[in-house]
Amino acid sequence: MLETLDTPGSTFRPSYRLRLIFSPVLRSVSLCILLWLPLCFPLTASSQDLQEIKNSGVLRHLGIPYANFITGSGDGLNIELVQGFASYIGVNYLFIASDWNTILGDLTGRHASRDENSARYLESTPVKGDIISTGMTVLPWRQAVINFSNPTFPSAVWLLARSESNLQPIKPSGSIEADIVAVKNSLDGHSVLAMENTCLDPALYRLSETRANIRLPKKKIRLNEMAPAILAREAEATLLDVPDALIALEKWPGQLKVIGPVSARQVMGSGFRKESPELLEAFNMYLEKIKRDGTYNRIVKKYYPTVFSYYSDFFTE
Amino acid sequence: MIKRFLTFAAAPFLITYLLLLVGSSFMSQQNLRQASESSLRFNLEKKAAILSYFHSERENDINTLARDHSLDNFFSNRALGMSMEYGLRASLISMRESFQKIVQEKKLNNLPIYLRLLFTENQGNNLIDVGLSSGKSVPWSNSEISKTDRITPFIVISGKGIHVILTLPYFHKGKRMGTIIAEINREEVMQYLTHSQESENIQYATIIADTKYVINNAPSGSPQPTPPISATATSPVIQMPIGETPFILTAQHAHRNALTTFLTSRWYPVSLILLTLLALYFIMIRSQAKAHTMLLRRQVEEADRQHTLMLQKNALLKQEVQKRLDSETRLQTLVETIPDLVWLKNPEGVYLSCNPKFERLYGATEEEIIGKTDYDFVERERADSLRILDQEAMDADAPLINEETVTYADDGHEESVEIIRTPLRDSEGTLVGVLGIARNITARKQAEEEARYLSTHDPLTGLFNRRMLEKRVIEEIDRAERYNHTLSIFMVDLDHFKTVNDTYGHLSGDIVLRHLAKILAVSIRKTDYVARYGGEEFIVVLPETPLTEAHELAERLCKEIRRYPIPLKDGQTIKVTASIGVACFPEHHKSWEGIIGAADSAMYAAKQAGRNQVKIAAP
Chain P
7 MLETLDTPGS TFRPSYRLRL IFSPVLRSVS LCILLWLPLC FPLTASSQDL
57 QEIKNSGVLR HLGIPYANFI TGSGDGLNIE LVQGFASYIG VNYLFIASDW
107 NTILGDLTGR HASRDENSAR YLESTPVKGD IISTGMTVLP WRQAVINFSN
157 PTFPSAVWLL ARSESNLQPI KPSGSIEADI VAVKNSLDGH SVLAMENTCL
207 DPALYRLSET RANIRLPKKK IRLNEMAPAI LAREAEATLL DVPDALIALE
257 KWPGQLKVIG PVSARQVMGS GFRKESPELL EAFNMYLEKI KRDGTYNRIV
307 KKYYPTVFSY YSDFFTE
Chain X
118 MIKRFLTFAA APFLITYLLL LVGSSFMSQQ NLRQASESSL RFNLEKKAAI
168 LSYFHSEREN DINTLARDHS LDNFFSNRAL GMSMEYGLRA SLISMRESFQ
218 KIVQEKKLNN LPIYLRLLFT ENQGNNLIDV GLSSGKSVPW SNSEISKTDR
268 ITPFIVISGK GIHVILTLPY FHKGKRMGTI IAEINREEVM QYLTHSQESE
318 NIQYATIIAD TKYVINNAPS GSPQPTPPIS ATATSPVIQM PIGETPFILT
368 AQHAHRNALT TFLTSRWYPV SLILLTLLAL YFIMIRSQAK AHTMLLRRQV
418 EEADRQHTLM LQKNALLKQE VQKRLDSETR LQTLVETIPD LVWLKNPEGV
468 YLSCNPKFER LYGATEEEII GKTDYDFVER ERADSLRILD QEAMDADAPL
518 INEETVTYAD DGHEESVEII RTPLRDSEGT LVGVLGIARN ITARKQAEEE
568 ARYLSTHDPL TGLFNRRMLE KRVIEEIDRA ERYNHTLSIF MVDLDHFKTV
618 NDTYGHLSGD IVLRHLAKIL AVSIRKTDYV ARYGGEEFIV VLPETPLTEA
668 HELAERLCKE IRRYPIPLKD GQTIKVTASI GVACFPEHHK SWEGIIGAAD
718 SAMYAAKQAG RNQVKIAAP
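Sequence lines, in order, name chains P and X. Under the working numbering, residue 323 is the last one in the first sequence; the count climbs by one each step, no gaps. Under the working numbering, residue 736 is the last one in the second sequence; the count climbs by one each step, no gaps.
Isolated chain P, as found in the complex (with noise of 0.2 Å):
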């Protein structure tokens, strides 16, 4: 059942051994079962759009508890975000809790995993929700299998390590690229932990090419759980998003340090089913509405006030 698709507007290329074995007759009739996957695949439940949405009455929010994006506590700045837009196309809010490995199969109605910077397609699954909004990086292989809004959040992916960590910070060069390869050059010899399908996946930075001791978690935890993991020894350091980077750093002062970045400025945003293009565009558009009027800098400034003045030019610009 696994196989790996090309998705139109992906940036994904089949993998060099199916390329040896597709001959013109056989790329035919495989461009035959492309087009008619998706009619083998009806997504009953998820093929709504804004007009379908609004008959139903309900805007359903696939969201993972995940630092001050979704406490778990009722609140947080995506559920804002998405209550908001709900009020805006006039229709009832409803929370659905997911996780970082299902979360796209609830959307879509299909499963996928990251092959590369690609997707590889799983199996089927019920669509449980209509919008992702959970502080999710926008990344490659992301983009192949949803459609993602405009950036709602700045981010990029640091590694922390204990602060008797012998991993000392490093040296600013004033150039990103300098700064991440300084940083990789220090992993030698360190464990890092990581997590898969999530945007502290290792093979997405390449880690692998460095000598660190890659580590997952030897249980399954929440990306908000990444820190006091090492803070409980399961490995020396950790890749971090910056958001969740900078509450740990308060909520931990002194325990944890920043050793240095492991990407470049990277953006968050809600996703869309590729069959939503409707509501995706409504979305934007109300995006763009409470940026204007100021309200989505009051609700990251109630969720994420250093994060507002961390990241000011991309809050004010």
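Hints listed in this document are in silico derivations from the structure and should not be mistaken for laboratory results. Some hints could be false.
[What the hints assert, rightly or not] Ranges between beta-carbon positions, derived for each pair: (1) 257(P) <-> 174(X): 25 to 35 Å; (2) 241(X) <-> 280(P): 55 to 65 Å; (3) 257(P) <-> 241(X): 26 to 36 Å; (4) 212(P) <-> 174(X): 54 to 64 Å.
Predicted, not measured: the structure shown is a model, and the values here were computed from it. We put the CB at the ideal spot given by N, CA and C, even for glycine.
Start from chain P and add chain X according to the hints.
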């Protein structure tokens, strides 16, 4: 005399009163001075307490800021070697926001308390600098400030003015990292705190101990030492230290106004006496005028009251008059419209009043009737009888009712009337006359006559009815029996009368019956009489008539009936015949029923024999 004596006697009391007034005024002046000083001292203590509290609150602000975790975070992260680009800048932002929050939130009467809040590192560079004056060069010497090891207030006098600052050294893990410096908004905040209310009339000044600098109202710009406030005989200066600060608060009454000066001068009691005398004189004059005014007012009130009472009585009187007029009008209307004759005579029979109907009786107007008696209008005998009836009513002292027939003088018609004569007495019981009311009962009389006629006659033919017939026949039988006479009876029955009704209608049947009745009536003798016995049957009674004579008469009657055609409506005529039965008393029977029965049987015999003939009852 008594009044003058009282005046002289009151003089010593007045003098004593005035002396007491002067004495108490002097005492009051002394108390006023003491109270003024006490008030000044109290206000000074209050202001000093406020300033001391203000100062301790600022110390709390700075201490709270020093304990803020953002400072600890920043210095911890920096100690770990983190760079501003990767993480440390966030800690610095957090630290700066803590400083900014103090500057923005701490206000007094909407005035910012802090002009500037800084964190100056040991090297002298400002890590944090927020507030209205941020970014400018500092007027104080960092080297001097870095020598302090605890919270310390500083007064900095520079070419730009006087600066009041509060400094607190900051230590991280036992090592001094720098100094938190807060510059107080001296000009506005301290001015507000020591502001003197207008009513207090006190001038405050906050001076720096051991100097002559006044800091609460010193102008901006280059400061000049302000001379201390000098005390005067009437306005002492009081000083009080402000808590553990280098400031001293002074207070002095700004100036004594004209009222205060006057109140404490010797002219005050003198003017008080003069004013008292003037007031007494004024009160006396006013009292007299007031008494006079009161008298006038009472007179006016009494006149108003009388006027009001008179108006009320007038209104009641008008109401009563109107009521009576209305009553009289109604009575007059009643009397004039009533269909009865109404009149009023005095006991002597002289007319006092009458209604229009009565005017028609005598053919004269009321004016012509009033003052006259019945003797002026009718014959003497008639007038006598009327006078007697009036007198009977007056004697009986009760209504007298009788019926009369009167003739109206205006058109000569007659009416039967029922007259009620009622004697009238006034409220004291004196007889004042007789009221007469006569009601027309002509219609009632006629109805009675008609009822009497119908009780004895047949309405269709005008003949006696059966009831009257029985009465008469019984009387005639009694008479015949008494005088030994004979009495004959015919029973006449129209032949085929049902056919007449069926052919020509019941109205034509009635015409035939009336015609037969007329023939019977004109054919009999004066002593005979005829009656309708029922339907088309008639009975003729012939007193003192023997059977033979009766038989002849019956034959003639039968002939008369069939001889003449009877005219009906629309020019039609009809001939009828009758069958007649004859019976005689005492030959055929001696009782009424028996004779009738015999005549009836004879009549049926005639019918059986072919009708249109006479049969004599069988013996």
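Verification of the supplied hints:
| no. | hint | verdict |
| --- | --- | --- |
| 1 | 257(P) <-> 174(X): 25 to 35 Å | holds (31 Å) |
| 2 | 241(X) <-> 280(P): 55 to 65 Å | holds (60 Å) |
| 3 | 257(P) <-> 241(X): 26 to 36 Å | holds (33 Å) |
| 4 | 212(P) <-> 174(X): 54 to 64 Å | holds (57 Å) |
In this structure, none of the earlier numbered hints is contradicted; all agree with it.
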